[in-house]
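Here is what each chain is made of, one letter per residue.
2 protein chains.
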Amino acid sequence: MTPQVLTSVAPLRDRIDEARRAGLEVGLVPTMGALHAGHVRLIEEARSACGCVVVSIFVNPLQFDRTDDLDRYPRTLQADLGMCADAGVDVVFAPTVEEMYPTAAECTVEVGRIADHLCGRHRPGHFRGIATIVLKLLQIVRPDRVYFGEKDAQQLAVIRHLVLDFNVPVHVEGVPTVRDIDGVALSSRNERLSPEERVLARSLHSALSEAGRHISAGERDPGRVTAAAGLQLPQDGRLRLEYLEVVDPEHIQPVTQIEGPVLVAGALWVGSTRLIDNLMCSPSAPPAVATPPGN
Amino acid sequence: MTPQVLTSVAPLRDRIDEARRAGLEVGLVPTMGALHAGHVRLIEEARSACGCVVVSIFVNPLQFDRTDDLDRYPRTLQADLGMCADAGVDVVFAPTVEEMYPTAAECTVEVGRIADHLCGRHRPGHFRGIATIVLKLLQIVRPDRVYFGEKDAQQLAVIRHLVLDFNVPVHVEGVPTVRDIDGVALSSRNERLSPEERVLARSLHSALSEAGRHISAGERDPGRVTAAAGLQLPQDGRLRLEYLEVVDPEHIQPVTQIEGPVLVAGALWVGSTRLIDNLMCSPSAPPAVATPPGN
Chain A
1 MTPQVLTSVA PLRDRIDEAR RAGLEVGLVP TMGALHAGHV RLIEEARSAC GCVVVSIFVN
61 PLQFDRTDDL DRYPRTLQAD LGMCADAGVD VVFAPTVEEM YPTAAECTVE VGRIADHLCG
121 RHRPGHFRGI ATIVLKLLQI VRPDRVYFGE KDAQQLAVIR HLVLDFNVPV HVEGVPTVRD
181 IDGVALSSRN ERLSPEERVL ARSLHSALSE AGRHISAGER DPGRVTAAAG LQLPQDGRLR
241 LEYLEVVDPE HIQPVTQIEG PVLVAGALWV GSTRLIDNLM CSPSAPPAVA TPPGN
Chain B
1 MTPQVLTSVA PLRDRIDEAR RAGLEVGLVP TMGALHAGHV RLIEEARSAC GCVVVSIFVN
61 PLQFDRTDDL DRYPRTLQAD LGMCADAGVD VVFAPTVEEM YPTAAECTVE VGRIADHLCG
121 RHRPGHFRGI ATIVLKLLQI VRPDRVYFGE KDAQQLAVIR HLVLDFNVPV HVEGVPTVRD
181 IDGVALSSRN ERLSPEERVL ARSLHSALSE AGRHISAGER DPGRVTAAAG LQLPQDGRLR
241 LEYLEVVDPE HIQPVTQIEG PVLVAGALWV GSTRLIDNLM CSPSAPPAVA TPPGN
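Those protein sequences? They're chains A and B, same order as listed.
Numbering follows the numbering used here, with no gaps: position 29 of the first sequence is 29.
Numbering follows the numbering used here, with no gaps: position 229 of the second sequence is 229.
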């Protein structure tokens, strides 16, 4: 079934109101298009829970800190619509920039300490842009559930706080990362990689996996974990590690000692393409310490 | 009829859902309590348009730049409930600070240039606090209409932008200022004035009216308008003018030349009480200029 494609807010709201009057739950999957199997996984989750599935496709200028990245971001609307049709999407909302930002904004969402590390540290204004556009989409669609991939772990954490802090009445659903057979997380940016770069890209997941092994094996020091993980990255001029950090998953703050579940997250430049990935890691139960006799 | 008083978000949402299922429009009047005839006017407007009228009473710490002002802000819940009952309010939402801010917020509303003048210039963070709490209340109540007094003209302008910028589906209704017979705008802060201060307080409205007369008479220069208005303020040690500005009503930016409707707004300290007021003023048609012969 071909989804209905709407490009303006007013008819979209009418369409959603209609679904709601029909008693359907509404699920929203916000995307920037260039859909891949990771997005399809989000849509499937929405499809299984909601009678009306809306996919938004909007390359949001406000979340790009670099104009060249915005310009180069892949735009593949026709292919996207085909994937939406195959995945059983009911409505695609594909607005123009003018529809979403008709006037110079006075109000934006300010994101606090949760944006101080990982991508937030390296992409100034990125999470302000994401939080603002997601808040707008939530107001336009008013979905019961909204779906985000765990690949963008900091984004997911920001959205959870956005919804909590502003009392937005929506359930935020995090969906596990979909990976290629070689471990590389699916990303619209992978399309930009040359075949050689695609091979080099594997090293990010390898590094994160190595971090996970050290944590499982009992390493409690984040510095030693990231140092060991970094050794997985080949010495290659085309690779540049932007960050590799161990943070708490809820507030995205560095931990000084690994004592519970942590998020290990990295950003790696492969040529002129920036890739991110992460793993949730839990320390094994602490090894039993034999009490010295007499104590 | 006594309104239902609710202090938590969840039962309030249930109550509103019930009203909405009954086909009623929902009107919200956000207040900080200490209700007076100005608030009653807001409630009457809501009552005339909406089948379900909700008044929120919450002294929002986030919008106070001074702890002493927050501490001294009048709290008169029992009297407020009596006025709500008389005015036919259906639901009073009177949450605690913990209910509204259960966790340290990561996300707040950043307000741009519209907060650079008038109260925004003199009360750092004030409009961030207002925009954030109003956004939260709009998410909790999801009203069809929300009511604000024109006395707080900059606040009203900020809220109009908030709703536009974030696509919040609500109609913002501005309601004219209610004044005492001597012209003083009603304000919860008037309760703090001594009888002598109450007399001095008249000078703010007098100054604004004088500004209006000059604008009507054809004065186009904002500096000359405010200078003339300032002469209306008695030389008295208990009075201190914080600001008196001529701005455009939509973006609250100073105008260099008065060519259309403008907002003349002032803040005056009377003893230890800060009062604000404003007037919308329109220039008369420009006087016809006789063309010198021969030109």
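There's no promise every hint is true.
[Unchecked claim] Ranges between beta-carbon positions, derived for each pair:
1. B:T76 x A:D14: 41 to 51 Å
2. A:E242 x B:D116: 28 to 38 Å
3. A:P61 x B:P102: 52 to 62 Å
4. B:T96 x A:E219: 36 to 46 Å
5. B:E18 x A:S8: 52 to 62 Å
6. A:T256 x B:M1: 34 to 44 Å
7. A:S48 x B:P102: 27 to 37 Å
8. A:S8 x B:M1: 22 to 32 Å
9. B:S216 x A:G51: 57 to 67 Å
10. A:R72 x B:T76: 57 to 67 Å
11. A:T256 x B:S194: 39 to 49 Å
No lab work stands behind these hints: they were computed from the structure.
Please read these numbers as outputs of a predicted model, since none were measured by experiment.
Just so it is clear, CB atoms sit at the ideal spot from N, CA and C, and this is done for glycine as well.
Each hint tested on the structure:
1. B:T76 x A:D14: 41 to 51 Å: Since T76 (chain B) and D14 (chain A) have Cβ atoms about 44 Å apart, the given range 41 to 51 Å holds.
2. A:E242 x B:D116: 28 to 38 Å: Between E242 (chain A) and D116 (chain B), where Cβ atoms are some 35 Å apart, the hint holds.
3. A:P61 x B:P102: 52 to 62 Å: violated, 34 Å
4. B:T96 x A:E219: 36 to 46 Å: holds, 44 Å
5. B:E18 x A:S8: 52 to 62 Å: violated, 32 Å
6. A:T256 x B:M1: 34 to 44 Å: Once the Cβ atoms are compared, 58 Å apart, the range 34 to 44 Å for M1 (chain B) and T256 (chain A) is violated.
7. A:S48 x B:P102: 27 to 37 Å: holds, 31 Å
8. A:S8 x B:M1: 22 to 32 Å: violated, 42 Å
9. B:S216 x A:G51: 57 to 67 Å: holds, 59 Å
10. A:R72 x B:T76: 57 to 67 Å: holds, 60 Å
11. A:T256 x B:S194: 39 to 49 Å: violated, 56 Å
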